[in-house]
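In order, the protein sequence lines correspond to chains G and E. Heads up: the first sequence begins at 1 in my numbering, then just goes up one per residue. Heads up: the second sequence begins at 1 in my numbering, then just goes up one per residue.
These are calculated hints, taken from the structure and not from any lab test. Incorrect hints may appear among the rest.
[Unchecked claim] So, partial list: chain G residues that the calculated Cβ filter (under 8 angstroms) puts toward chain E:
#, residue
1, Pro158
2, Ala166
3, Asp218
4, Val221
5, His225
6, Leu275
7, Asp281
[Stated by the list, open to error] In silico DMTMM-like pairs for lysine to aspartate or glutamate, Cα to Cα no more than 25 angstroms straight-line:
#, chain 1, residue 1, chain 2, residue 2
8, G, Lys147, E, Asp165
9, G, Lys260, E, Asp165
10, G, Lys170, E, Asp56
11, G, Lys170, E, Glu50
12, G, Lys170, E, Glu44
13, G, Lys320, E, Glu44
14, G, Lys147, E, Glu44
15, G, Lys147, E, Glu50
16, G, Lys147, E, Glu57
[As the list claims (entries may be wrong)] What the simulated footprint calls covered on chain G by chain E, stretch by stretch (three residues with Cβ under 8 angstroms from a Cβ of chain E suffice, anywhere in the stretch; the number is not a length):
#, segment
17, 177 to 184
18, 235 to 246
19, 412 to 420
20, 433 to 443
C-beta atoms are modelled at their ideal positions from N, C-alpha and C, and glycine is treated no differently.
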Amino acid sequence: MRLAGASGLLTGFIATLATLATLATLAACSQRTGTAVPPQPAPSITVGTAPAPVQSVARTLDDAPRSLDPQLTTDIPSQRVLDDLFEGLATLSIDGQAVPGAAASWQQSADGLTWVFHLRPAARWSNGAPLTAEDFVYSWRREVDPKTGAGYAQALSPILNALDIALGHKSPESLGVEATDAHTLTVHLNAPTPYLLELLVQNYLYPVYRPAIERYGDDWVRPEHLVSNGAFTLQEDLIGARITLRPNPYYWDAAHVQLKSVVYFNMPDRAQAVLRFLAGDVQFTDSFAASQRPWLKSVLGEQVVNAPWLGIYMLAFNFKMPPFRDNPALRRALILAVDRAALTRYLKYDMYVPADTLMPPLTGYRPQHPAWATLARSDREALARRLYAEAGYSPKHPLRVDISTSVQGADERHYFEAVAAMWHSVLGAEVSVDESEYKVMSQNRELHRLPLFLDSWIGDFADPVNFLQLFYGDSSLNYGGYRNAGYDALLDRAAQEPDNTARYRLLEQAEALLNEDGVYIPLYYYSTRHLVKPYIQGWHSNLMDRNLSRYMYVLEHQGN
Amino acid sequence: MLRYIFRRVLESIPTLLLIVTIAFALLHLAPGGPFSADKAMLPEIQHGIEARYHLDEPLWRQYLRYLGDLAHGDLGPSFQYRNTSVNQIIANGFPVDLTVGLCAIALALLIGIPVGLNAAWHHHSWWDRVPMALAAAGISLPVFVIAPVLVLVFAVHLHWLPAGDWVRGSLSHLLLPVLALALPYIAYVARIVRGSALEVLGTAYIRTARAKGLPAHRILLHHALRPSLAAVVSFLGPTTAGVITISIVVETVFGLPGIGRFFVTGALNRDYTLVLGITILYGALIILFNLLADLCYAWIDPRVRLD
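Extracted from the complex, chain E is given alone in its bound form:
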């Protein structure tokens, strides 16, 4: 097991390197530079600033310099936010994304799994149809619709919850963004669990359990749950990384200090180091959560061997 993890971590290094290289090339290919500013600068001044950030060097040297710094864990200075390093931006913002993202995934599992199981057990009944219709709606409603509507209802009209902002440790500030982010995933999880539970419930060993007269909750929790989760786990790997990273809209609507917004503004402002830093982080996250998913998968399904 440890050997497997070690091997996977080693394998991820060339993958990340490839990501860095492609991102580096794409960024430098894009027209415009970080210091082609709103107020056109005197060319001499612009060259001076570019020299400060080594942007006047040949690309290959900039690339090697970046890799060298990266090896020391230094993601460089942000070009767009002078006085701020990419490390600082990530250290400030990423815990917020992680909190909101993991809470949203937890909420999706907590609600989605029971609803899915219940729907499968009560196949073709209202317990199945109503939640699944809602789930279809949840999947179709994009977060940029859900989020402002939640704000309108719960903050502007009812005044129950804050409309945005981030206060560390405050549950009330966390609730709406987590809900907005989780809703579609609750729906996904419910539908996936229902699908695989239906399959599991049709197998011979469940039929035997039923024939033995086991109560429903025992069959569902002890026999059907674990195999039904396999599909959820393989869905969760890439999804968790995605939930943590692609919450740009949620960040914007709720004014959260996450890094998603920096990713977008960084790209638009040609903030090479900022975009590269966040790209590496996102790449590492996807690799990490895929690894975790594979480990969980082996735990759930004994037939899976990791070596």
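Isolated chain G, as found in the complex:
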């Protein structure tokens, strides 16, 4: 999913004012800790080993969930809440791995085209009704049915006929999924899909309760009507402010769910989330600004948690217009002339990891580091200058171009101004930062009007193809309009390859092509950025940055 979207816009706009004020107050402390005054001690919290008498956790969301209808949303805040409310055939382990969920086991056919899932006989809806294979058939048909208006129906395209149904060419009944009996679901695929399990843990493949939808229409997601099959049920939904969950007594693993209450607060102002954490109102926050990191580390120590997250922040070139279209030397010069380590250290306070490939390390996939990654900085810059001259530019005829980004606040602007300054000092290029409203930027980007633009991607699942699809010729996510028949052919071949190791080798070749062509400018890999009280246990940082409340519990503690 693309990040840095409209979800962060309130932070970037009105709330920035409040953020600035808070930051100013906090920064005063921060500067002090940086110079003379020693770091303030972490708030005194002593944690015991026994469970606390009150088992409840308050978490924050960076924005209000767009909907609690699993099929209609793709935003991260919705995903956080839906992960607690619903459960797919597979679910996420504490480490973010796909493990048996509503299905206890599954087999795939030798050709990888048919999967049979065996549902847990104990699986129930939160009203006690049994969860059946028919529920999944209904829900998945609903996802691809154009009448539903699910924005991400294309994600089901590995399933037989899914894309044709989404495009209106076939009826939803033709979807390649059937309930063999009440507890057996058979799924037919177009091609072997080794990452099918990763797909099953996406909220748009969660089951929904048909009687509630048919009876209440759009209102089925209100607390009085919503029936879910996950570890929790919806107790309260104060639109835009707070969502409260309580345990689902019919959940198949209810015996191991320890929390009696989970509250999600919507806090688009990240400085406010920090304040609420300091005040002890919330115990698990979703994110904080990089510029607050040094101060937070000094005050909160281990409560500040950063870990690798499956995402990339980059700039992408437009292959449909000058100056980058037919000028690989120019593209490579710009890629080389960025000092990622310095940018990450001084503007992101080491919160993120400098990137030279399209995705953070994935198990079994060999990272495709470009040749320049091993060059010393001076050599890289010398090569960049040579390529820049080769591309036809000089101090007298400098490259003039804008970096197009959306309005995300001063920190992000400074980051791109620093990138522009590097290109100026190394190459002499005249680059400025053009910020526009997110909707405007994304529209211009989709219409291929921007020569050089911000592109960021948070992986839906930990498979290289989820990142490589961004540059597939016909992909609607291919904003740069990059088209390379060889690249597309490799992805097509990979899609038909049943052996995962062989598939990864094909995808590695594809990524190597991106490096050769200089298609995008990698900047950094994302990191998770949580504040978590030490007495909240039962969660691990994971690449997917999805932490189900189902596993969490609270230890006895004093102070908050």
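Since the structure of chain G is already known, use the hints to place chain E on it.
Just chain E, lined up with the frame of chain G:
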């Protein structure tokens, strides 16, 4: 009087219609649409969703459709928050804004009027200078500074009050947001009352009252208060509507479930119906409070005739 109110209400209809029309046009002029999403959708799917919301129809038809629904009190579905209607969002959020806003105005009057009167009575003394200096500070300090500072002091450091959240009927959750919102208005009211009281206190009839030997509280409360309030009332009309509606920062800082935030995110996300719905509500509020102010004004100043 009733005829006057009736006439004003009737007059407000074309005003609101104009507001709707301009807002509708501006929203549709803005680049980008409600469903140009983060994850670029397949064009066919995007068209399908747009058709569901009639966004594929010509603008004039969308406009007429909207007006038709509006006439039935239906503000339409929110585009940004699927499954939620604009009516639901307003019904959930507006009572919160109304509570916080009216409490803030009440607090501003309760503190501002006595302080202003007192300052005028003790003109040029410390009773005048100190509160007026504080008032100047109160006016200059924007709410986005006051609010986080209040949270830092009273919630984070002293742990006296919650740092945010909304619990219906809970005074402790109401206190900080009301204070943050009221502070500048306390200052405004105090300065306005002081100014007009100074003028009133200089008039002949007050001089006569003083000459008669009436005690200070009688002169202030019975003779000077009412005429001094006229300026406050005309200030309060548009201001009350403003306090209720422009508390976006307060809502954000304290995590209140009001509608101010929806107004902003709605505009940024091109949630046409949500923005239109809130615009109509705000427009109606401003008209309503101006009417109330005019009625109060006539009550305070008998020279004002309403017909």
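Three or more residues of the segment 412 to 420 of chain G near chain E by CB distance under 8 angstroms? violated (count 0)
Does Glu44(E) lie within 25 angstroms of Lys320(G) when you go C-alpha to C-alpha? This hinted pair holds, its Cα atoms lying about 23 angstroms apart.
Taking only the CA atoms, is the gap from Lys147(G) to Asp165(E) under or equal to 25 angstroms? Judged against 25 angstroms, a Cα distance of about 37 angstroms means the pair is violated.
Going straight from one Cα to the other, do Lys147(G) and Glu44(E) come out at no more than 25 angstroms? Satisfied, since the Cα-Cα distance of roughly 12 angstroms is no more than 25 angstroms.
May I ask you to test the interface hint for Val221(G) with respect to chain E, counting a Cβ-Cβ separation under 8 angstroms as satisfied? holds (5 angstroms)
Given pair status - Glu50(E), Lys170(G), alpha carbons within 25 angstroms: Roughly 20 angstroms between the alpha carbons, so the hint for Lys170(G) and Glu50(E) holds.
Taking 25 angstroms as the top limit, are the C-alpha atoms of Lys170(G) and Glu44(E) close enough? With Cα atoms ~14 angstroms apart, Lys170(G) and Glu44(E) stay inside 25 angstroms; holds.
Take the C-alpha atoms of Lys147(G) and Glu57(E), compute the straight-line distance between them, and say whether it is at most 25 angstroms. Roughly 17 angstroms separates the two Cα atoms, so the pair holds.
Hint status (Cβ of Asp218(G) to nearest Cβ of chain E, threshold 8 angstroms): Hint holds; Asp218(G) Cβ to chain E Cβ min 5 angstroms, cut 8 angstroms.
Per-residue hint verdict: Pro158(G), partner chain E, C-beta under 8 angstroms: violated (15 angstroms)
Interface hint compliance - Leu275(G) to chain E, C-beta minimum distance less than 8 angstroms: Cβ of Leu275(G) sits 5 angstroms from chain E, so the hint holds.
Min Cβ distance, His225(G) to chain E: is it shorter than 8 angstroms? violated (11 angstroms)
Hints 1, 5, 8, 17 and 19 from the earlier list are contradicted by this structure; the remaining hints agree with it.
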